[in-house]
Amino acid sequence: MDTSFAEAECVKQVLEGNEDAFTAIVEHFQIPVYNLCYRMLGTPQEAEDAAQESFIRAYRYIRRYDSSRPFATWLLSIAAHYCIDQQRKRHLLSVDLDEIMEFGIMDDSPDPEKVVTTGEQNELIQKNLAALPVKDRMVLILKYWYDFSEDEISDALEITKSAVKSRLHRARQHMAEQWNSEENDISRKEGRQHEPQAI
Amino acid sequence: MNHKQYEKWILDDSPLSAEESELLKNHLASCSVCQKLNEGWQKSLQGIHSADQHVPTAGFTARWQVKLQQEQRKRTIVRRRIIVFSSLFFLLLSLIAYILLSGSFASFLANLITLTTQIILFITKGLSELTMLINGVPSIVRWSLGIFMIGVANMFIILLTYIIWKARKNHREQQEAPAYAEE
Ligand SMILES: [Zn+2]
Numbered sequence: 001m002d003t004s005f006a007e008a009e010c011v012k013q014v015l016e017g018n019e020d021a022f023t024a025i026v027e028h029f030q031i032p033v034y035n036l037c038y039r040m041l042g043t044p045q046e047a048e049d050a051a052q053e054s055f056i057r058a059y060r061y062i063r064r065y066d067s068s069r070p071f072a073t074w075l076l077s078i079a080a081h082y083c084i085d086q087q088r089k090r091h092l093l094s095v096d097l098d099e100i101m102e103f104g105i106m107d108d109s110p111d112p113e114k115v116v117t118t119g120e121q122n123e124l125i126q127k128n129l130a131a132l133p134v135k136d137r138m139v140l141i142l143k144y145w146y147d148f149s150e151d152e153i154s155d156a157l158e159i160t161k162s163a164v165k166s167r168l169h170r171a172r173q174h175m176a177e178q179w180n181s182e183e184n185d186i187s188r189k190e191g192r193q194h195e196p197q198a199i
Numbered sequence: 001m002n003h004k005q006y007e008k009w010i011l012d013d014s015p016l017s018a019e020e021s022e023l024l025k026n027h028l029a030s031c032s033v034c035q036k037l038n039e040g041w042q043k044s045l046q047g048i049h050s051a052d053q054h055v056p057t058a059g060f061t062a063r064w065q066v067k068l069q070q071e072q073r074k075r076t077i078v079r080r081r082i083i084v085f086s087s088l089f090f091l092l093l094s095l096i097a098y099i100l101l102s103g104s105f106a107s108f109l110a111n112l113i114t115l116t117t118q119i120i121l122f123i124t125k126g127l128s129e130l131t132m133l134i135n136g137v138p139s140i141v142r143w144s145l146g147i148f149m150i151g152v153a154n155m156f157i158i159l160l161t162y163i164i165w166k167a168r169k170n171h172r173e174q175q176e177a178p179a180y181a182e183e
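Protein chains in written order, with the working numbering: chain A, 1 to 199; chain B, 1 to 183.
Don't read these hints as lab results, they were simulated from the structure.
This one's a predicted model, so the numbers in the text were calculated from it and none came from an experiment.
Cβ atoms here follow ideal geometry from the backbone N, Cα and C, with glycine treated the same way.
Hints are not guaranteed to be accurate.
[What the hints assert, rightly or not] In silico lysine to any residue, SDA-like type, Cα no more than 25 Å apart, as pairs:
hint	chain 1	residue 1	chain 2	residue 2
1	B	25	B	5
2	B	36	A	88
3	A	135	B	25
4	B	43	A	149
5	A	127	A	170
6	A	127	B	7
7	A	165	B	169
8	A	161	B	25
9	B	169	A	20
10	B	67	A	184
[To be verified] Stretches of chain B that chain A covers, calculated by requiring three or more beta carbons in the stretch to come under 8 Å of a beta carbon on chain A:
hint	stretch
11	44-55
12	65-73
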């Protein structure tokens, strides 16, 4: 992120009633916020909605911002909370209706064909991320995409530092295991094509 | 030293001493489980570091400004509604207070009971007249009308189910479509 951006000045102006000053904040932070939402939610549409909503919340709660701390950390933690809530809501919704109606039973298992053809690292990482529990995923994203320290993660998500550590450990293990099983899948497919798949 | 300790060293990125990393190296050479874990995590880490930043489509800030305006308009409407409802509620409360305080509460109650009784009487009378009317209609007409009504009700239920299902499907497609479009 560009450090020359005068965020403190912008925040001060917003507090003095200059609405346009916040527009500069949106312009400056749109990519990190959007990227966080995308990593968390997995589709452009949801990422857009979540990023927009995060900025709306930041604007509304700007008075609660403690100017002694980095603005980016505060902003990203708002986005993080919003994404976690969205994930939970989506989960509840998809379980309820589908089970009651017995319509459109979705197969959530990865499409092996797709993995082989577009077996790019990027996509694989996104898919493995999506399989993590919501909070583990967020902890991992904040740590590796945003270089948050364990203290900053614990502040942002309002969980203890030891919870951050254990979630990180679990998330890394999960990612490693998924990576290995994906690679097995691919090599099995490429190597012995006629053997029935054992999943 | 046990397996768990090595797992911790592989996964937790706290720096290891020279002695510790030597131990880990030796263990990795002999233990395929830990080796596999190490490889999986290192490759994931590589993938994470090389992953591109996702970028919103152009005009994000302009869209945000529109959204903020809509949001603010909505909030004004809600605030206005709250004011209207609370003043109505206040009015109702003061009316009740007035009735209670003015001593005419007993007569008010009496009037209310009379009115209610009259309304109930009126409805009962209407119902009995309706029953007589229905009894006058031949039974074949009554039956076919009944079956027709059941059919309509069923159709309504099926239609409702379909609408819900369709809406859910659309919602899901909307979520999935852009992911492919971006490729
Ligand atoms: Zn081992």
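Query - Violations among the numbered hints, reported as their numbers in ascending order - result: Of the numbered hints given earlier, those the structure breaks are 2, 3, 7, 8, 9, 10, listed in rising order.
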